[in-house]
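Engineer: The residues making up each chain are set out below.
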Amino acid sequence: MELSPIIISLKTAAAAIILTFMLGLFVARFVVNMKSEKAKMVVDGIMTLPLVLPPTVMGFLLLIVFGVNKPFGRFLLEVLGVRIVFSWTATVIAAVAISFPLMYRSARGAFEQVDKNLLMAGRTLGMSEGRIFWRITMPLALPGVVAGGVLSFARGLGEFGATAMVAGNIANKTRTLPLAIYSEVAAGNMDIAFYYVLVILVISFLVVVLMNYFSQKERKYLR
Amino acid sequence: MGLIVDIRKKLKSYNLEVSFETNGEYLAFLGASGSGKSMTLKCIAGIETPDEGKIILNGKVLFDSENKINLKPQDRNIGYFFQNYALFPHMTVEENIGIGLVCSKEEKKKRVKEILKNFHLEGQGKKHPNQLSGGEQQRIALARCLIYKPDVLMLDEPFSALDVHLKEKLQNEVLEILKTYNGEVLMVTHSRDEAYKFCKNLVILDQCKSVMTGNTKEIFKQPKRLITARLTGCKNISKCEIVSKDMVRATDWGIDLETDMEVPLNITHIGVRAHNFVLVNDLDNKNTLRYKIKKIYEDMFEYNVMAVKDSEEEYSEITYNVKKQEWDLRDDQKNLYLKIPEEEILFLNE
Numbered sequence: 001m002e003l004s005p006i007i008i009s010l011k012t013a014a015a016a017i018i019l020t021f022m023l024g025l026f027v028a029r030f031v032v033n034m035k036s037e038k039a040k041m042v043v044d045g046i047m048t049l050p051l052v053l054p055p056t057v058m059g060f061l062l063l064i065v066f067g068v069n070k071p072f073g074r075f076l077l078e079v080l081g082v083r084i085v086f087s088w089t090a091t092v093i094a095a096v097a098i099s100f101p102l103m104y105r106s107a108r109g110a111f112e113q114v115d116k117n118l119l120m121a122g123r124t125l126g127m128s129e130g131r132i133f134w135r136i137t138m139p140l141a142l143p144g145v146v147a148g149g150v151l152s153f154a155r156g157l158g159e160f161g162a163t164a165m166v167a168g169n170i171a172n173k174t175r176t177l178p179l180a181i182y183s184e185v186a187a188g189n190m191d192i193a194f195y196y197v198l199v200i201l202v203i204s205f206l207v208v209v210l211m212n213y214f215s216q217k218e219r220k221y222l223r
Numbered sequence: 001m002g003l004i005v006d007i008r009k010k011l012k013s014y015n016l017e018v019s020f021e022t023n024g025e026y027l028a029f030l031g032a033s034g035s036g037k038s039m040t041l042k043c044i045a046g047i048e049t050p051d052e053g054k055i056i057l058n059g060k061v062l063f064d065s066e067n068k069i070n071l072k073p074q075d076r077n078i079g080y081f082f083q084n085y086a087l088f089p090h091m092t093v094e095e096n097i098g099i100g101l102v103c104s105k106e107e108k109k110k111r112v113k114e115i116l117k118n119f120h121l122e123g124q125g126k127k128h129p130n131q132l133s134g135g136e137q138q139r140i141a142l143a144r145c146l147i148y149k150p151d152v153l154m155l156d157e158p159f160s161a162l163d164v165h166l167k168e169k170l171q172n173e174v175l176e177i178l179k180t181y182n183g184e185v186l187m188v189t190h191s192r193d194e195a196y197k198f199c200k201n202l203v204i205l206d207q208c209k210s211v212m213t214g215n216t217k218e219i220f221k222q223p224k225r226l227i228t229a230r231l232t233g234c235k236n237i238s239k240c241e242i243v244s245k246d247m248v249r250a251t252d253w254g255i256d257l258e259t260d261m262e263v264p265l266n267i268t269h270i271g272v273r274a275h276n277f278v279l280v281n282d283l284d285n286k287n288t289l290r291y292k293i294k295k296i297y298e299d300m301f302e303y304n305v306m307a308v309k310d311s312e313e314e315y316s317e318i319t320y321n322v323k324k325q326e327w328d329l330r331d332d333q334k335n336l337y338l339k340i341p342e343e344e345i346l347f348l349n350e
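Residue numbers (this note's numbering), protein chains in the order written: chain A, 1 to 223; chain B, 1 to 350.
Because the hints were derived from the structure by calculation, they are not lab data.
If you're wondering where the values come from, they're calculated on a predicted model, not measured in any experiment.
Glycine included, C-beta positions come from ideal geometry on N, C-alpha and C.
Hints should not be assumed to be uniformly reliable.
Stated by the list, open to error - Some chain B residues judged to face chain A by a derived CB distance under 8 Å, without partners named:
| # | residue |
| --- | --- |
| 1 | 20 |
| 2 | 45 |
| 3 | 69 |
| 4 | 73 |
| 5 | 80 |
| 6 | 86 |
| 7 | 90 |
| 8 | 99 |
| 9 | 100 |
| 10 | 103 |
| 11 | 144 |
| 12 | 303 |
To be verified - Over the 12 Å line for every Cβ pair with chain B, so calculated as not near, a few chain A residues:
| # | residue |
| --- | --- |
| 13 | 19 |
| 14 | 49 |
| 15 | 117 |
| 16 | 121 |
| 17 | 132 |
| 18 | 187 |
| 19 | 212 |
Using the sequences and the accompanying hints, generate a full structural model.
Structural biologist: Structure below.
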């Protein structure tokens, strides 16, 4: 059994969750604060789209953006000398693109659950908007935000379709656990596939339990 | 000096139109629910933005639609006491009170400690709000407003979240605490008792418009408008016709009433407070009728007697509040004669 899919998967999921987490929070806060209801619906629709599209469609769209024959991809390659497709970076981009809506929607729901009176109280007490966000909104929305993070991490770890399209299935480079499982099964190596499945099960389960534990601990004051 | 407010704002159901001035005395907003009381406070605090008008506090312009001035709530120095207290559940009492203070850590600690002592909250600083009683939570919310020395303190239904038996005690406590504060106090309430007890001046709101402003006691004595009479607790209101310059006919009750002053020509209704009927023994009194008793509701110390003129024709019920002892010991247990004293007649227009 190769260890490289495990390492690549963990690296990808870790990098992806950091990006997804920050991006999700940022966009959720932006959408929650939007004044126009119509604009809010449109932006929300676009941000949620990756959740309902087949991952292969997302992969296709990512290829259109990052493909070396496409304007942006060519720009990256010729000006910055960076080739995204079929690189490790592509596995991260695919995982972020697919897991982002889960983070964004959970965070948005959690932010909207926070009692508006508390935010108003913060304002009349002279707190700046930034301070209100970090001292009131975030702590109170934390369980929802953490739950979103858990979901996104698990989704990023399990990403297959979009990854296969933009990153390919290159051993030791872009072959993540889900791709490795697919390849081993395709090659008839059920035993090895079984070990990979076990690894993914254990990691996913551990993460969920840990996150639950921390979010419970944080909120004792509400009981 | 004081607060000058003159604002208009389009709302879903009504248009808010409020204008009043304060003169350093406590001011109450009295109105039914949905009459725009809280919205007015929110506009003053800067949480909501009026469409047009002016808000000027001690000479400082907080909002002026013509000159496009609209200070952020953070820059208005207004204390807002929320109906449900809006304490931050994840912070300790100390953190709640000190969250917006801009000063050194030691200074903050000192000031929070001092205010906890003044508000009888010593030893509670490390607890979370949900570990405290309703009264304590209320004091924390008040302390959190007052530690910033706001120019205006606005109380939004401050006692509505409390149990009845606590209410009176806490009202007195809050009155004591407020004595140490020398700024303007605005209070929103739907309780006429609170308005009467706390505030020298009154703004009556009806359907989002300020329909009357003035001295609380005078308004209670002479409500002048139908809606004001209702809001100040007048239970008996009848349509009326002017018979002569010192007589009005209460058409709903079937009685011509002599008055002790000239009847204002613009009145459409008259009112009599339920306590102001006088129990008499016969019809040999001015403004007296024989009534049939319809129903009697029993309160702790009073009876609410619902009665109607004893006649062939159909008239509206009146409500008469009477002390139990007076009612139980009345001479004539069979007949009910009630007199409406001339000086207790309220002249009202719509």
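Engineer: Does each hint hold? Answer for all of them.
Structural biologist: Going down the list of hints, with the structure as the test:
1. 20: Violated, because the Cβ-Cβ distance from residue 20 of chain B to chain A comes to roughly 20 Å (cut-off 8 Å).
2. 45: At 5 Å from the nearest chain A Cβ, residue 45 of chain B passes the 8 Å test, so the hint holds.
3. 69: 18 Å, violated
4. 73: 4 Å, holds
5. 80: 4 Å, holds
6. 86: With Cβ-Cβ at 4 Å, under 8 Å, it holds.
7. 90: 5 Å, holds
8. 99: Holds - the Cβ of residue 99 of chain B comes within 8 Å of chain A, reaching about 6 Å at its closest.
9. 100: 4 Å, holds
10. 103: Violated - the Cβ of residue 103 of chain B stays beyond 8 Å from chain A, reaching only about 12 Å at its closest.
11. 144: It holds, given that the least Cβ distance between residue 144 of chain B and chain A is near 7 Å, below 8 Å.
12. 303: 42 Å, violated
13. 19: 27 Å, holds
14. 49: 33 Å, holds
15. 117: 4 Å, violated
16. 121: 4 Å, violated
17. 132: The assertion about residue 132 of chain A is violated, with a minimum of 10 Å to chain B.
18. 187: Consistent with the label, residue 187 of chain A stays out of reach of chain B, its closest Cβ about 53 Å off (over 12 Å).
19. 212: 19 Å, holds
Of the hints listed earlier, those the structure fails to meet are numbers 1, 3, 10, 12, 15, 16, 17, in rising order.
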